[in-house]
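Asks: Now for the letters of each chain:
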Amino acid sequence: MNNVVFAVMKKEIIRIFNDKKLLFAAVILPGFLVFAAISLTGLMSDMMTGVDENHVYEVHAVNLPDTIATLLAPQELRLNVMPTTLAETPRIREEIADQNTDILLVFPPNFEADVAIFDPSTATEPAPNVEMWSNSARASSAEAASIVAALINAYHHSLTHRFTFNAPTAEVTDGIFDLATAADLMALLLGLMLPMMFILFIFTGCQSLVPESVAGEKERGTLGTLLVTTASRKQMALGKTLGLAFFSLLSAVGSFVGLMFSVGQMMPGADELIGDVSILEFFSVQDILLLLLISVSLSLLFVALLSVISTYSKSVKEANAVATPMAIVVLIGGMGGGLAGGTDMLLFHLIPIFNSSLGITAIINSEASVLNITVAIVSNLVFAMILTGVMASMFNSEKIVFD
Amino acid sequence: MKEILNVKNLTKKFKLTKKQQESKNIKTPYFAAVDNVSFKSYEGEVFGLLGPNGAGKTTTMRMIATLINASAGDADVNGFSIIKHPLEVRRNIGFLTNELKLDEFFTPNFHFDFFAELRGIPKNVASRRKAELFDRFGLGKYADVKIGKLSQGNKQKASLAISIVHDPAIVIFDEPTNGLDVVTAKVVTDFLVELKRSGKSVILSTHIFGLLENLCDRVGIIINGKMVACDTVSALAGENSLEEMFFDIYHKTTSEDV
Ligand SMILES: Nc1ncnc2c1ncn2[C@@H]1O[C@H](COP(=O)(O)OP(=O)(O)OP(=O)(O)O)[C@@H](O)[C@H]1O
Ligand SMILES: [Mg+2]
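In order, the protein sequence lines correspond to chains U and D.
Counting from 326, one number per residue, gives the positions in the first sequence under my numbering.
Counting from 18, one number per residue, gives the positions in the second sequence under my numbering.
The reader is advised that the hints may include incorrect statements.
[As the list claims (entries may be wrong)] With a straight-line cut-off of 27 angstroms between C-alpha atoms, the simulated DSS-like cross-links for lysine-lysine are:
1) U:Lys724 to D:Lys166
2) D:Lys36 to U:Lys639
3) D:Lys213 to D:Lys118
4) D:Lys243 to D:Lys30
5) U:Lys346 to D:Lys166
6) U:Lys559 to D:Lys118
These are computed hints drawn from the structure, not numbers from a lab.
All figures in this text were calculated on a predicted structure; none of them were measured in a lab.
Construct all of the structure, not just a fragment, from the sequences and the given hints.
Replies: Quick look at the structure:
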């Protein structure tokens, strides 16, 4: 690396390492807050929707094939499977909607025979479809649905897609067989809050570092001392950004670890299914890598953004005064992903912050698109670079440095 | 003698806010802090800039050091124009002022190495120079004490040493003895004489007449941004003291303005 960039970066890193308070606020606190905030919300949601450990789930089934019946049979699943008829389904669906029973499975007649002869490559008819009706507003219904869905999905896999599961039908065109009348507020809230909190805590981590360093340097009169040297403004800006980025990365990793540890607590029912949830079972290695890269790109972006704000400000106080409304923008952008949910519009993935929120939401929902997230990460990095360039040119402005 | 600095009609205009206009009692939105200032300084010479508060001394020095842009005019530093070759100018200049500070968190040792690195000075050259300068200023004991913990005097000595890591041909010192006790002030002024003897061109701003009389070969007097007199100390003062001469000129100039 270039000597000047390295020297400036090194100085920044040494300075922050020697400032215990700053180090704590920037690196330890955000991760801890992510964990605490998410755990607390998870706890609250458990308290509100919690299902008694010995609850036996009521599973109504039409035309239940023997193989599936065996799958659902194990005692520890606590599924009480009740065969029923097609004629009964309207009544049962009403009961589900009223939160009086858990789920309803509807298999086509002769399911096993149909599946056995179905060949996806030559078929003209749609594959046999299995419907599962549930109600996410009823916790036991949601849990039963997730357990049964996992089992059927595994079976589906082993049969190389010879039938479909909750495919759209004439009646249910969107393929949503969830009879929740009031959306499960807590789940929705979690979906919104998780990316938002994660992004916001990375931002606050940066905010505890950058104004103090950049505006502080102006305020203390040490910036001018740098500027009389032959080192280029660009190199100085880059060195400073990288030095700060080093810590904001630590801060992002802290938030990331906090997020990982709190994941098990935020998905009600998840632990029922897979026992003690380990991170690796929940996210694929690719998901974790993508999350980490999103955090990295975000922290670089925030450092650059806050550096520009701080260079423009006369004092640390002023920089923080501008950064606080920025935090609200970040908060809104962070919530956007959960609200917009799974959009594939490329344009959205170019919008910094919002794109990361989309990405994190997608990863949590196991719908991550590597392309979209790569676009988001690259976009964040490009914006960070542009802002660092802006900071460098601001160093050239005497108005900004000597006013 | 070789000409090191040639300041040519240097001018700095500041745009004023309404408030500043009122407080300075100026009608126009622009105000010339430095107005058409020209002077030269040579190798092995100390040039003094004398002027009351707000005369434009610091502003002139900042322009020469390329920290701020000139509104008009130019200056050549060791042959390099401050406008066309600011980088070369910075290579040839050492600038020390009270407003440019060292980071309180770091030691003189760290700072010296840091600034040597920023200026691209080879490590062995830098460490030899550090040993020399720290020895010269008796900073050895304090080399590893944080700047924030140093006394005012040691702070200034450290700043002085660090401002000339790169052994510049011209050193510009803005009120270098400000706030120092007589003992430390003497260390600083003695060092300025050494610099001059070693062939550097030293530009110095001060309010202290004694300093000018003892140290400076030539003096420029700036009042309200204008260079009103510029000559050797003896030619300027003549029979009188420099102080009497200054007030003479000061009253003449300011009464003309009013
Ligand atoms: N950035 C700025 N914007 C507006 N006016 C300025 C700016 N910098 C300096 N001035 C004004 O320019 C004038 C000259 O200031 P300067 O600091 O050069 O004076 P000086 O001779 O160094 O005074 P002192 O002896 O007090 O240090 C002053 O009136 C000052 O208020
Ligand atoms: Mg001054």
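Asks: Against this structure, judge whether each hint is valid.
Replies: Evaluated hints:
1. U:Lys724 to D:Lys166: 31 angstroms, violated
2. D:Lys36 to U:Lys639: 18 angstroms, holds
3. D:Lys213 to D:Lys118: At roughly 24 angstroms apart (the allowed maximum being 27 angstroms), D:Lys118 and D:Lys213 satisfy the hint.
4. D:Lys243 to D:Lys30: This hinted pair holds, its Cα atoms lying about 12 angstroms apart.
5. U:Lys346 to D:Lys166: Holds: U:Lys346 and D:Lys166 sit about 19 angstroms apart, inside 27 angstroms.
6. U:Lys559 to D:Lys118: Distance of about 21 angstroms is within 27 angstroms: holds.
Checked against the numbered hints given earlier, the structure breaks only hint 1 and satisfies all the rest.
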